[in-house]
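With the sequences and hints as input, model every part of the structure.
Read off the chains here:
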Amino acid sequence: MSAFVEVKNLTVVKNGSTILHDVSFVVNRGEFLSILGPSGVGKTTLLRCLAGFERPDSGSVAIDGDAVSSDSSWVEPSRRGVGIVPQDGALFTHMTVARNIGAGLADIASGPRADRVAELVSIMRLDGLENRLPAELSGGQQQRVAVARAIAPSPRVVLLDEPFAALDTELRTELRADVRELLRKESITAILVTHDQDEALSLSDSISVMRDGAIIQSGTPADIYARPADIDVALFLGDAVILPGRVSGGKVETELGALTPLNRVRDGDSGFAAVRPENFYLQPDPAGQAIVTGRQFFGHDVLVTVTTPERTITARASGPLAPEMGMKLTVWVRGPVNFYARPD
Amino acid sequence: MKVLTIAVVPLVSVPLVYLVFRVAEVESGAVLTEVLSPRTGQLLLNTAVLVVAVTVTALTVGILQAYAVMRTTIPLRRTLTIFATVPLAVPSYVAAYGWLGVVPGFNGFVPAWLVLSVATTPLVFLTVSAALARTSRSVDDVAQSISTSKVRRHVLVTWPTIRSAVWSSGLLVALYVIADFGAVSLLRYDTFTRAIFNAYRSSFDRSLASILGVVVVLLTLALVVLYRRALRREQPGPVNVVPPSAVLLSRGGWPHAVAMSLWTAVGTGVPFVSVVAWAMAGNSGTELGRLAESALNSAMYGLSAATVAVALGVVIVVASLRYRFAPANLAESLSWLIHALPALVVALSFTFVGIRLVPDLYQTHVFVVLGLVVLFLPNAISAVEPALRAVPPAWHELAQSLGMRPSTEFMRVTVPVITPGLVAGWALVVLVIVRELPLTLLLRPNGVETLATRLWTETNAGAFAAAAPYAVTLVALAGIPAWLVSRGLDPQRKLVVS
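Chains as they are written, first to last, in our numbering: chain A, 1 to 344; chain B, 1 to 498.
Keep in mind that the hints were calculated from the coordinates and are not lab data.
Okay, the calculated beta carbon distance ranges per label pair:
1. A:A106 - B:S261: 37 to 43 Å
2. B:S261 - A:D232: 52 to 58 Å
3. A:E119 - B:W159: 25 to 31 Å
4. B:V102 - A:S73: 52 to 58 Å
5. B:A390 - A:F297: 41 to 47 Å
6. B:A311 - A:D198: 55 to 61 Å
7. B:T60 - A:G128: 39 to 45 Å
8. B:T60 - A:G219: 56 to 62 Å
9. A:A106 - B:P386: 40 to 46 Å
Chain B side only, calculated, beta carbon under 7 Å to chain A, not exhaustive:
10. V139
11. D141
12. Q144
13. S145
14. S147
15. T148
16. L156
17. P160
We put the beta carbon where it would ideally sit given N, CA and C, even for glycine.
The following block contains the structure:
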């Protein structure tokens, strides 16, 4: 596979503050990349640079080998072959659903245009809504139209700016699946920016984690979840309990015992181990020092709050076997953990 | 409160009662002949030509100004915004006086077109700017990614954003031109309002003036109906948006900035300089007494009418917002209808009712104030309403649960919250009333002069030096609301760095 979208050393400075700092990444043809990070880290600015709505101060963007933005070249947004789906959908409020979807197809004859619109209406499950105005649609339907409009001209890349953020859980899951399916079918390369780690982990072929205008880690979802680059990333990707520890004989000595490190460690280092809630094993033990002080039932599993002599831990236990309130326990950690040495 | 609201209804229906009476008289053959006479046809044509010419000009200039200030990289944005709103400070009849002061014989269509276009362009500029401020960056982005054609992008983004603003400000301009009396009469261009006034002044039989008045009312209503039709399919736009990136202008936008400044420099600069020059050259020393007297009359009318109008406005808005009292809505709708009518026609209806029903009141100060109250009730209501809406309805219930009686609640909760907004609104209404000309001219007691009527009389007599102090005072007074309006509009103030 070759680099289809190539971003090199992109830097954007606005009003004296650096929004993007030396951002580089590649996306392969047909791949789905998520840029993951909390809000305000420059994700939207990055997307706008790719689309051509903003000129970076330095660096370059190439799509399929064409330099669309660099020191020596500039391609207008409409000539980049890029489709965008903004957070708010940004439908043309005065146009019907069908006309919105066909908005990017002005250059083709009306027959094929109608066919293409009909195809997208059916894939995005908008049947029967063709003549509605955006104001007459639900939030989920509006986003479906926005996706269909972006895909209709068969762009080389589609850019998704948190398009699922404003929807409720069920709608979101459904729409994500439909969008993923559509992109696969049309083999369109996609870049999604999001602050939702579940969304990024479940949808993407690869993820780039962004913080303070820079990309700090890239990899497959499994990679990133298993081996976060630092404690902040570990915490951002999901709940984790941070235990102080010290490396001795290849093991990390902590208050919950000697744990197997996942990454390479050096004897004598001290730092922190990050343990995921699902990595705790809660053994009922009348002589145990830990006690259950909270319990949140989710059906498929239970989040149990356990107070040990040292700290409070959140652990995930499967529904029927979860310990009850007030129960005494011994806490074990199963499986290897990531260890982050404190810088000397 | 309810009694007061109900009492307002007959007052604001005076013009309608008059209208119905007049339409009933149309059956007589003589009246029909008058309506269908070539003279009426000529007036209709004159008025229509002026309305179309001014509306098209004001829309073109106003939209371009608004787009330049709100969406492009034009330099000196703040200064240009002030330039675009500055004509609000010069009432059209003052501008007419100013032009006549430098260009003798400045009469007819072109002068009337110029003066009214300059006076009405800010209405378009303000409405369209406010609409353009709601342009959504994401929609603009999508249009940019979809279309290579600038025209198509405007069709996709700009036009839908400003369409209702264009329609409504276009209507405002057209109504303004139909209603304008001072400028067209000073510039001797025969529209309906000028003909109505002359017919009213020149004969004891006022039926000709009334018939022409009915024609104007029908013209006005036709415009309002047209406007309602056009807005029926309007869709609500986004509420809170990130503004789009500014459009890059060629040559740094300086040619555009110069063109914008030129419009104001000529349109408002020339009459303004003329007013100031006449004021400095004039021998206003002996006139000081008369100036003070007319200023006092203006102030008296302005203060009393504004106070009554704002008080009635509070009553009506509270009755409608809090108690959903039906007559309050009726009073509000009726007063808006009157707002669309030319002040001259409203004045005619008051003379009609005054002479026939309350001859004792006719041509007294009280009667003038009543007329002004009816004419400016909509201004008062729109000034009062935002202040009253700032009091959440839940407070009313909360206060009751704390044991306050409604009257106690009103004094202790509502009044402190609304007072600042109310005072500001009241001051604006005072200043708007001070520049009023036609109604005061028709209804005032014999020998009583205000700033506006004196300016009008002196200019008509060609006494430019004598008129100058009145013009200066009026510009200074009208400048205050204009200044407030231009400050309220700080373009691109919501610029957000993402």
